[in-house]
Amino acid sequence: MQDDPTPAEILETVAQFLRETVMPEMQGRNAFLARVTANAVDVVRRQIELSPAADAAELARLRALLDSDGTLETLNAQLCERIETGAITLTTQGLKDHLWETTLAKLAVDQPNYAAYKRVHDQTPQKT
Amino acid sequence: MSLSEHAFEDGLAAVIRRAVAGADGIANLRRLSGGASQETWAFEAVGPKLSQRLILRRAPGGDRQHEAAAGLETEARLMDLAGKAGIPEPPVIYVLCPEDGIGRGFIVGFVDGETLGRKIVRDAAFADARKGLAFRCGEVLAAIHAIPLDQVPPLRHADAATRLDELHKRYRLSERPRPVFALAFEWLRQRLPKEPPAPRLVHGDFRNGNLIIGPDGLRAVLDWEIAHIGDPIEDLGWLCVGPWRFGGIDNPVGGFGTVDQLLAGYEAGGGGRIDPEQVRFWEVLGSLSWGVSCAAMIQAIRSGVDRTAERAMIARRASENEIDLLNLIAPRS
Chain S
1 MQDDPTPAEI
11 LETVAQFLRE
21 TVMPEMQGRN
31 AFLARVTANA
41 VDVVRRQIEL
51 SPAADAAELA
61 RLRALLDSDG
71 TLETLNAQLC
81 ERIETGAITL
91 TTQGLKDHLW
101 ETTLAKLAVD
111 QPNYAAYKRV
121 HDQTPQKT
Chain L
129 MSLSEHAFED
139 GLAAVIRRAV
149 AGADGIANLR
159 RLSGGASQET
169 WAFEAVGPKL
179 SQRLILRRAP
189 GGDRQHEAAA
199 GLETEARLMD
209 LAGKAGIPEP
219 PVIYVLCPED
229 GIGRGFIVGF
239 VDGETLGRKI
249 VRDAAFADAR
259 KGLAFRCGEV
269 LAAIHAIPLD
279 QVPPLRHADA
289 ATRLDELHKR
299 YRLSERPRPV
309 FALAFEWLRQ
319 RLPKEPPAPR
329 LVHGDFRNGN
339 LIIGPDGLRA
349 VLDWEIAHIG
359 DPIEDLGWLC
369 VGPWRFGGID
379 NPVGGFGTVD
389 QLLAGYEAGG
399 GGRIDPEQVR
409 FWEVLGSLSW
419 GVSCAAMIQA
429 IRSGVDRTAE
439 RAMIARRASE
449 NEIDLLNLIA
459 PRS
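Chains as they are written, first to last, in this note's numbering: chain S, 1 to 128; chain L, 129 to 461.
All clues given are correct.
When the alpha-carbon atoms are kept at most 25 angstroms apart in a straight line, the in silico SDA-like pairs for lysine to any residue are as follows: (1) L:297 x L:321; (2) S:118 x L:456; (3) L:259 x L:338; (4) S:118 x L:422; (5) S:96 x L:378; (6) L:247 x S:117; (7) L:212 x L:149; (8) L:247 x S:27; (9) L:297 x S:77; (10) S:96 x L:459; (11) L:247 x S:119; (12) L:212 x L:284; (13) S:96 x S:60; (14) S:118 x S:45; (15) L:247 x L:346.
No lab work stands behind these hints: they were computed from the structure.
If we strip away everything but chain S, and leave its shape as in the complex, we get (with noise of 0.2 angstroms):
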C-alpha cells in the first residue's frame, strides 16, 4: 500500500504551486501557458478521483445496450459500429440516455465549468 498524500492530493499542490507562484511571475504567453498546465493538473486529479465510477456506469450500459460482452474500448466500437449500420439509432431504447450519461462524465473531469454541461449538472438531482 502506497503511502499518503494520494495522487490527488499531490497534485493539488502542483496545480497551486503554478497557479500562486509560476503565474505571478510569468508574463505574456508563458503566464497563459502556466495557466492551462495547471488546468491540466487539475483534468488529471479528477480523472482520478471520477474515472473509477464513472468507467464502472458505463461499461455497466454499454453491455444492457448491446447486450454484448467486452471491454470499454471493444463495446464503445461496437456501439459507434451499430449506429453507422443504422441498427442503433436515436429511437434505440437506453441510447440518448446512455450518451447523455457518458458525455456528462467526460465533461465532469475535462470542463466542468463549461456553460451546457454546467446548466444540466445543476438542473439534475444529485446522487450521493
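For chain S, the structure is supplied; the task is to place chain L on it using the hints.
Then chain L, alone, in the frame of chain S:
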C-alpha cells in the same frame, strides 16, 4: 532571448526598414497569447518621427501550417480584397517573402479593440456593442459572400458533402470510437442539402474570438486562414457553435445575439432569406468539425510536433462538442 529569437527580431527589423517609410527599426516585440495554429506578434515600427503599432502573423516556428490552410500569402490577399469590398479589415502592410529569412507570414496595421470572446460576451464596456452585433455580423457575412469569385485567389472547394466526407476521414484516423460523433455523422448524412447552393467565398472561421470588437461594435474580421469556396451558410452556422458562445449559451450567435438578428442582418446585407434549419445543419457540422479537430490534437502530441499542455487541453475539449451535439440532435427530454 535565444539566438534564433535574436535572428528573428533582426530579420523583422530589416523588413520594417524596407517596408515602412520613415522607420529605422522596431520596438516592443512580444508574442501575444492564444492562436495554437499561428503565431501572432505585436510590435512597433519606430523612427525619428514615427511610432506605428503593427501585428505580424506567422506560421508556427516560421513555416508549419494547418492542413486545410489557404496559406498565409493567400490569407493576406483575402484580407486586402475584403477591405476593398467594405468589410472591416486591418490594412495589409507587407507579405513576407523567402528572402526575408523569417518564415512565412504577413504584417498588418494594429486595430485597437477586444478579441477575447469572454470579455466581449460579459464586459459592461461592450453592452452597447453587443446589441447590434449579431445583425452586423449578418450584414458583413453577406458582403463576404457577395465578393465575386473571379477576384478571389485560388482556394480549395468544399461543399457540405465534401466537408462531411473529409471530416469522416479525419475522424477515422483516430482509433478512439466516439458514439456521439458517429451519431452526428448519421444525422448530417440524412440531411445533406439535395441541391448545393451556388458556391461562394466562405470565410471559414468567422466567430467570436476572431473579430475585433470596440465599444462601437465590429472593427475588424481576422483569421482568413481556412477560407475556401463552398456553401455560404457554413459561416452562419459556425458563428453559432457552442464554444464560441463563451458561456453566453442562450445567445446562440457568438454568445451575443439571436439567429433571428443574424438572419435579418444577412437579408438586409443582400444575402437573401435563409431558413434557420440550414443554419442548424451547419451548426451541427461545425460542432462536429471542431470536435474532430480537438480530438485530432492527439496526433500532434504523440508525434512530438507540439507537446505543450495547451495542445493537450484542446484535445480534451472534444467533449464540449459532444454535449453541444447532443443538445442539437438529441436534447434531453
